[in-house]
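Undergrad: Chain residues, written in single-letter form:
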Amino acid sequence: MFEAIAFYTFSILVIGMFGIVVFSKNALYSMSALAGGMIFISGFFFLLDAEFLGVVQIVVYTGAIMAVYGFGMMFFDTTRDIKENIKFKKIIYTLALLSAIFTIFILMAPVYSVRVEALYPAIKDVGNIQMVGLLLFTKYLVPFELAAIMLLVAMIAGIVLVKVKMEETPTNIEVAKGGK
Amino acid sequence: MIETALIIETVVKAVIALAVIAGMAGFATFLERKVLAFMQRRLGPMHVGPYGLLQLAADGIKLFTKEDIIPQNVVKPIFVIAPIIGAVSAFVAIAAVPYFPQFTVFGYTIHPIISDINVGLLFIMGAASVGMYGPLLAGLSSHNKWSLLGGARAVIQLLSFEVVSGLSILAPLMMIGSLSLIDINDYQIGGFSSWLVWKQPLAFVLFAIAGFAETNRTPFDLVEFEAEIVSGYATEYSGMRWGLFFIGEYANMITISALVSIIFMGGYNPLWIIPGAIMMLVKVSFWIFLFLWVRAAWPHVRPDQLMWVCWKVLMPLALINILITGIVLV
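Just so you know, the sequences run in chain order A and B.
Okay, so the first sequence: first residue is 1 according to my numbering, each after it adds one.
Okay, so the second sequence: first residue is 1001 according to my numbering, each after it adds one.
Hint data in this document are derived by calculation from the structure and do not stem from the laboratory.
Do not take every clue at face value.
[As the list claims (entries may be wrong)] When the alpha-carbon atoms are kept at most 25 Å apart in a straight line, the in silico PhoX-like pairs for lysine-lysine are as follows:
{"hint": "1", "chain 1": "B", "residue 1": "K1199", "chain 2": "B", "residue 2": "K1312"}
{"hint": "2", "chain 1": "B", "residue 1": "K1076", "chain 2": "B", "residue 2": "K1145"}
{"hint": "3", "chain 1": "B", "residue 1": "K1076", "chain 2": "A", "residue 2": "K83"}
{"hint": "4", "chain 1": "A", "residue 1": "K25", "chain 2": "A", "residue 2": "K90"}
{"hint": "5", "chain 1": "A", "residue 1": "K25", "chain 2": "A", "residue 2": "K83"}
{"hint": "6", "chain 1": "A", "residue 1": "K83", "chain 2": "B", "residue 2": "K1145"}
{"hint": "7", "chain 1": "B", "residue 1": "K1076", "chain 2": "B", "residue 2": "K1062"}
{"hint": "8", "chain 1": "B", "residue 1": "K1066", "chain 2": "B", "residue 2": "K1076"}
{"hint": "9", "chain 1": "B", "residue 1": "K1145", "chain 2": "A", "residue 2": "K25"}
{"hint": "10", "chain 1": "A", "residue 1": "K25", "chain 2": "A", "residue 2": "K89"}
{"hint": "11", "chain 1": "B", "residue 1": "K1062", "chain 2": "B", "residue 2": "K1034"}
{"hint": "12", "chain 1": "B", "residue 1": "K1076", "chain 2": "A", "residue 2": "K25"}
{"hint": "13", "chain 1": "A", "residue 1": "K87", "chain 2": "A", "residue 2": "K25"}
{"hint": "14", "chain 1": "A", "residue 1": "K163", "chain 2": "B", "residue 2": "K1312"}
Please work from the sequences and hints to get the whole structure.
TA: If you want it as structure tokens, here you go:
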């Protein structure tokens, strides 16, 4: 019974939070609700005894959304509402709704047609982390390493993009002017 | 019935932990003033009660009865919720910390940990990192430039020192092979010589430095440094809302002290004839004292110095430490 209560509480919280993300006009509300929603999702992992994934959900999304806040801080006055300029409201809403229904249909179809079974069922008395590690470093080693390489490429690209004007920080310019 | 008993036990434990930690956090503010005063050859609070002990109660009454001001132009819901996030996440982190060895009362074995999840250490660090949303949201919602700067500093501080604390703790975890704090404690059961400090001194120093940064303590207190940004994120706060930030910060200090004690300094294992529970209290008290001592002894660093030391010194050191540990283990 407690599991059911927890499940429905978290469901309502998550849906409510993501609703705020979409419908609010204030950047601060949206970002905070996004962070809240992401953290509440970890509740489902804890309910399913997947503590490791639950904690990873919290750790990863706190950091990630923290970076989104950084951008929000730079681009908006977060204490004011943003003037949205939406044309063709009807088309946007219809398309959004249709694509949402379509996605749900695609995802749920295999669940209804075949009884879904775990490809690699959880082994008793083996911890969460050990199970994740076993699968990552045996069955899914190649995708895992590819993802790592992609992240490395993205990181180097980011450094190269910033590096171009690294020498021209405000203090350096002032020092150069003073020197002349 | 077992489920109900478990829930009652957990609620009782949670209430006790909340009360004790909140009380300790309050007492730590008094200790901080006394220790700082001692180091600066002053007396500190002396007027209220013996040795100023009742200053604690006086401060509490002041905080509770002060007018609750919400300034104009703030984003009210976020402004109100920010201090609560700060305090609550600090207390949530405490749920996975085992403070004492298990003991038996009336034939009923009690584990002094609210929830022994498998990944306790990660959970604590995750919950503590959520705590940085308190300063961040306060800074963004206050409609004040000092607060905004404080919020921005909270972001850079969290994003960089999360990396250092995570990487530094990885090396001891590779030796232990578990993320549960109870396993980590049991790994050092052999007494003084089996403490992990001796095997992982570098990781110990790095984790301690990252702990100072994550609790916004003095060498790294950029988020609320008076001389630069008034009071940082807390500029617009007063009364109990400000008090909540304060309690959260001290609860975080206690959590970090307990973590360092458990991971590196033998945890709650008994030492010689001293029982484990007392050892734990001694270690945590020592770390709290160290926090205060550093505050009295060290100047504050600039944000760019903090970034420099984090990314160019601490992170490479942590990576090298992991590499060496890996080679030795293989």
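Undergrad: If a hint holds in the structure, say so; if it does not, say that too.
TA: To see whether the hints hold, each was checked on the structure:
no.: 1; hint: B/K1199 x B/K1312; result: 24 Å, holds
no.: 2; hint: B/K1076 x B/K1145; result: 17 Å, holds
no.: 3; hint: B/K1076 x A/K83; result: 20 Å, holds
no.: 4; hint: A/K25 x A/K90; result: 19 Å, holds
no.: 5; hint: A/K25 x A/K83; result: 8 Å, holds
no.: 6; hint: A/K83 x B/K1145; result: 23 Å, holds
no.: 7; hint: B/K1076 x B/K1062; result: 24 Å, holds
no.: 8; hint: B/K1066 x B/K1076; result: 19 Å, holds
no.: 9; hint: B/K1145 x A/K25; result: 22 Å, holds
no.: 10; hint: A/K25 x A/K89; result: 16 Å, holds
no.: 11; hint: B/K1062 x B/K1034; result: 19 Å, holds
no.: 12; hint: B/K1076 x A/K25; result: 15 Å, holds
no.: 13; hint: A/K87 x A/K25; result: 16 Å, holds
no.: 14; hint: A/K163 x B/K1312; result: 16 Å, holds
The structure fails none of the hints (numbered hints given earlier).
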